[in-house]
Amino acid sequence: MSAALELVDVSRIYGGGRARVAALQGVSLAARAGELVCVMGPSGCGKSTLLALAGGLEAPDAGSVLIGGQPLGYGARERALRLQRQVGFVFQELNLLRDLTALENVALPLELAGMARRTARVSAEDALDRVGVRDLADAFPADLSGGEQQRVAIARGLIGERRVLLADEPTGALDSLTGELVMGLIRARCESGVTAVVATHDAGVAAFADRVVFLRDGSVVGESRGVQPGVAAVELT
Amino acid sequence: MAVKSPALASGTAVRFALLALLAQGETHGYELKLRFERSTGGLWPLNVGQVYDAMRRLERDGLVTQSPDSDDERRPYALTPHGREVSERWLSAASDAGAPPRDELAIKLMVAHAAGSGAFADAVQRQREASMARLQVFARRKADAAEAAGDGPEVWLVDLLMLRAQADVRWLDLIEARAGRAREGHA
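In order, the protein sequence lines correspond to chains A and B. Each residue of the first sequence is one higher than the last, beginning at 9 in the numbering used here. Each residue of the second sequence is one higher than the last, beginning at 397 in the numbering used here.
In case anyone wonders, no lab produced these hints; they're calculated from the structure. Ideal Cβ placement from N, Cα and C applies to all residues, glycine included. Treat each hint with caution, since some may be false.
[To be verified] Here's a subset of chain B near chain A, in silico, CB distances under 7 Å, partners left out:
| id | residue |
| --- | --- |
| 1 | Gln521 |
| 2 | Leu531 |
| 3 | Gln532 |
| 4 | Val565 |
| 5 | Leu568 |
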């Protein structure tokens, strides 16, 4: 079975000559359907570049990216379709447009894709429902707490049939308890088949992952799958 | 090899905890064992023998008495006035971690650093993976506990273990960054 999301030996170089910086160098990563992968590393390690390549916002300078086994194309129309149908992004802040209600924010990607407003809004209600905030549909972002805003952003990220969620420090602006609720929500969406890649520098956030990939200076230096041979449960003595 | 938690329930802590739990009302050893396990979310099961050993030491020190009239195993314990005072003092005092422990992790990494930057970088990364794996196991345990029993003592104690493991990861990140900066400074 092919991976839901796959980066094969990708590199991304910014600048040229003496200013040349390899943001990513020969990185491979395959995530299966329903897997929650956290990419962990300090600022500047290449986490955000990895997400941009995974979602096809940028093309790699070498290597390839596949979603559902299909190599990504980088024409304007292919990019637009991908963001409308396959991949959702969630960022640390500035996720929602302040003049639109929660429902309108969530419906926006489908409306931009040309879907009839009424149909898009039915989908948006469904997406809000899946993350437990259907009752906030008519609220404006300024009336929502940080955690509620992130829930709405995740609903927008996963509206329609999109099965890949890419999140860059999604809990960075939240307190620990709210951050944990947001990660629990992403975890729950993965349990119903969504593939998520979350970039974070925070080990407490990465603890939610099926797999943690460690990135340093643009390269993968190790990973943790949260299992130790022979350990069925935590022994607390 | 099992994932071991830090020894949060040392013998002394258990003894003081049993003393403080006796303040809820006099009772026999088995009920004290149950009170201890209930209040700590079942994370540290005690055997009855440990409880009776602890109670004998508390009795020897004049902190509890055992009523003389009923049959042996079921004789209830009660706090003495001195025991009540000690229990209250223990509950209200901050826990003192005492002298810094000779931490194997810290010693190993300092020795690896002395051995050269390659050995140090490898040791930091291997340790980071191990601490992360523990965190992932704890996170699953916490989710299971929350599902089974709701938010309560077991979840809170796993939080403590997770925060301690996170502190290890943050320390590793910090010393790695410091070592990198020191190398650049020398370059």
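Q: Taking the numbered hints from earlier one at a time, note which ones the structure violates and give those numbers from smallest to largest.
A: 5
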